[in-house]
Structures are given as structure tokens and as C-alpha cells.
Amino acid sequence: MEPLQHDTAPAADKKSSHQASPPAKGTADVASLTSQRDEYLNGWKRALADYENFKRESIERLDTLTRTTLKMFLLDLLPFIDAYYTALSHVPESERSHQWYLGLLQAQKLWEQLAQRHAIRRMNSIGVQFDPARHHALATAQETGKKENEITGVAQEGYLIRDEVLRPALVTVNKIAPEAAPQK
Numbered sequence: 224m225e226p227l228q229h230d231t232a233p234a235a236d237k238k239s240s241h242q243a244s245p246p247a248k249g250t251a252d253v254a255s256l257t258s259q260r261d262e263y264l265n266g267w268k269r270a271l272a273d274y275e276n277f278k279r280e281s282i283e284r285l286d287t288l289t290r291t292t293l294k295m296f297l298l299d300l301l302p303f304i305d306a307y308y309t310a311l312s313h314v315p316e317s318e319r320s321h322q323w324y325l326g327l328l329q330a331q332k333l334w335e336q337l338a339q340r341h342a343i344r345r346m347n348s349i350g351v352q353f354d355p356a357r358h359h360a361l362a363t364a365q366e367t368g369k370k371e372n373e374i375t376g377v378a379q380e381g382y383l384i385r386d387e388v389l390r391p392a393l394v395t396v397n398k399i400a401p402e403a404a405p406q407k
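Reading the sequence shown from the start, the letters are residues 224 to 407 in the numbering used here.
Hints listed in this document are in silico derivations from the structure and should not be mistaken for laboratory results. Since the model is a prediction, treat every value here as computed from it, not as a measurement. Every residue, glycine too, gets a C-beta built ideally from N, C-alpha and C. Take the hints with a grain of salt, since some may be wrong.
Label pairs and their computed distance ranges (CB to CB) [unchecked claim]: (1) F277 / L361: 31 to 37 angstroms; (2) A364 / E283: 40 to 46 angstroms; (3) R340 / N265: 43 to 49 angstroms; (4) S281 / A362: 42 to 48 angstroms.
Straight-line Cα separation of at most 30 angstroms, DSS-like style, residue types lysine-lysine; simulated pairs [said to hold, decoys possible]: (5) K370 / K398; (6) K398 / K369; (7) K294 / K278; (8) K268 / K294; (9) K278 / K268.
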């Protein structure tokens, strides 16, 4: 077995040997690594920003798809709702105390709660000014005591979802006869 050899060089000599390496190479390595680090960091920041944009756009697309799907379903459902309200309005007074009629009223109440939950409401069109964004004119009428372009009749109710037109109302619009129009 060989005896262990001890390093007998003085500590001062060891330090001086480390200081003898050229400092310029170490500085260049640090600058290169710093530049590489900054490049990677900027790449990660761009990737994170891209991901955040993708996430936001995905949420917006999903929201748009959900709203569009709901609108399409409601547009298909509205003719049924119209027929339902028409049927209710034609039930004779003598039949309105029967259980089947009360059940129909309960179904109407459920529809109205659902509509309220989704911010769906019927337009109140009678007596308001014609608005081409909310109404489609089916006919005109000449009624005295009514203003020009005032809606005098509704053939089909219009509906809003939030404040956006889901289905325009089909209306009759008042037109004042030229001879009855006030002179300017």
C-alpha cells in the first residue's frame, strides 16, 4: 500500500495559480451566457403572451358559438311559443277554470322564467315609433289620432335577447294621408 501524498504547496501559491488565467475569456463567457439567457427569456415571454392571447381568443370564440347556438335554438322555438300564446288567447272564458288550462298557464309561467333567466323579452311594439332595426312593416294604415310611423298593429311579436334583436316584430305602420298631413 502506498502512502498518501499530501499537497505541500503553500496556499498562497494555489491562489496565484488561479489568478493567472486570462480574465477576458471569463468575461466573454459571461456576456455570451447573459445574451443567451436574455434570448431564452424573451422567447418564453413571447410564448406566454401567445398562450394568453390564444386562451382569450378561445374563450371569445366559445362565447360567440354559445350565443349563436342559443339564438338558433330560440329562433326555432319562437313559432311554437307564438302558437302557444295564440292557443291560450282562444280558450273560452267558460273553460278557464279547468285543470288542463291551469296546467297550460303553469307552462307559460315556466317559459317566462326561462326567458327572464336568459334575458329574452318580447318587444312592446304597439304605439311606438317604427324602427327598421326592430320592426318589419307588413302593412300601412291611415288611422286618425295616431302619429306618422306609429305602430298600430302587430302580426307577429318581436323578441330581444339582452338588447339585441332576436326576431323583429312584423307590424302595421300608420301613414298619414298627404291631404291630412300638416303643412310646413
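Hint-by-hint comparison with the structure:
| no. | hint | in the structure |
| --- | --- | --- |
| 1 | F277 / L361: 31 to 37 angstroms | violated, 47 angstroms |
| 2 | A364 / E283: 40 to 46 angstroms | holds, 45 angstroms |
| 3 | R340 / N265: 43 to 49 angstroms | holds, 47 angstroms |
| 4 | S281 / A362: 42 to 48 angstroms | holds, 47 angstroms |
| 5 | K370 / K398 | holds, 8 angstroms |
| 6 | K398 / K369 | holds, 9 angstroms |
| 7 | K294 / K278 | holds, 24 angstroms |
| 8 | K268 / K294 | violated, 39 angstroms |
| 9 | K278 / K268 | holds, 15 angstroms |
In summary, the structure is inconsistent with hints 1 and 8 from the numbered list given earlier, while agreeing with the others.
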